[in-house]
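Whole structure, please, built from the sequences with the hints as guidance.
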Amino acid sequence: MVGLTTDPIDPRLVEQAVAHPGAGAILTFLGVTRNHFEDRPVTGLHYQAYGEMAQPELQRICEEAAARWAGVRVALLHRVGDVSVGEISVVIAVSAPHRDDAYQASRYTIDQLKQRVPIWKQEHYVDGQAWKANLPPDAVASAPSIKDVDGEYGE
Amino acid sequence: MVVTVRYFAVLRERRGVETEDIQVDADTTISQLYARLFPPTAAGTMPVLFAVNQCYVDRDHCLSAGDEVAFIPPLGGG
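One line per chain: the protein sequences are G and L, in this order. In terms of our numbering, the first sequence opens at residue 1 and continues consecutively. In terms of our numbering, the second sequence opens at residue 1001 and continues consecutively.
If you're looking for bench data, these hints aren't it; they were derived computationally from the structure. Backbone N, C-alpha and C fix where the C-beta goes; we use that ideal spot for every residue, glycine too. Do not take every clue at face value.
[To be verified] Here's a subset of chain L near chain G, in silico, CB distances under 8 Å, partners left out:
1. V1002
2. T1004
3. R1006
4. P1039
5. A1051
6. G1066
7. A1070
8. I1072
9. P1073
10. G1076
The following block contains the structure:
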């Protein structure tokens, strides 16, 4: 189970996709819509995807994780369209024989997703909206985790 | 020759369409087409990744007739 969906995601279904008798750990990451950007209230998000490219790219990332950590299985669903505050935007479920590999594979999958998969996020505010970009994972920890695309290069 | 260009996010808003067919000369590179469609503003040029037929390519990739071209603005998934 790897892909995009316009419907709310049930994390249990994603976990079930990686469950098997050889697994000693199942680790689930939930990305959820927060209600603010810095001091500005966020009323919701809109995710847009280049679906024909995002789907195989997600598949490749999950296969890379499974190849890199022995015995690991990865399932992933990402929302597209409108997502309300508090809703889940992405679920990554990882099963592994031992927990350390599950933590590493989960971190790898979300980091790669943010860097490579053609999905875009628009934050909606009471008085407008803006496209927001992920920063590289090696960006300084004190910097905001996202930047305003329109503001930086707008016409 | 003609290529099909797909636009997303902020670039879709700037161009005003989701997709269009564009006439280009042979030997045109994908970064040359980007510069033609989105000339630098006072703030500079938005950094993008380049994709042809749903795969990432280098900025010097030469386009072929019938290619599906996409400029990938800064990503926001997750």
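Status of the hints after comparison with the structure:
1. Annotation: interface hint on V1002 of chain L violated; nearest CB of chain G at approximately 19 Å, more than 8 Å.
2. Interface hint at T1004 of chain L: violated, since its Cβ lies 12 Å from the closest Cβ of chain G, which is beyond the 8 Å cut-off.
3. With a least beta-carbon distance of about 7 Å to chain G, the hint placing R1006 of chain L at the interface is held under the 8 Å criterion.
4. With a cut of 8 Å, the hint placing P1039 of chain L at the interface with chain G is violated, because the nearest CB-to-CB distance is about 10 Å.
5. Checking A1051 of chain L against chain G: minimum C-beta separation of about 6 Å stays under 8 Å; hint holds.
6. Evaluation of the G1066 of chain L hint against chain G yields a violated restraint, the C-beta minimum of about 15 Å exceeding 8 Å.
7. Hint status for A1070 of chain L: holds, given a least beta-carbon distance of 6 Å to chain G, under 8 Å.
8. Interface hint status for I1072 of chain L: upheld, as the beta-carbon distance to the closest one in chain G is roughly 5 Å, under 8 Å.
9. Hint status for P1073 of chain L relative to chain G: holds, with the closest Cβ pair at about 6 Å, below 8 Å.
10. Of the supplied interface hints, the one on G1076 of chain L holds, with its beta-carbon coming within about 3 Å of a beta-carbon of chain G, less than 8 Å.
Checked against the numbered hints above, the structure breaks hints 1, 2, 4, 6 and satisfies the rest.
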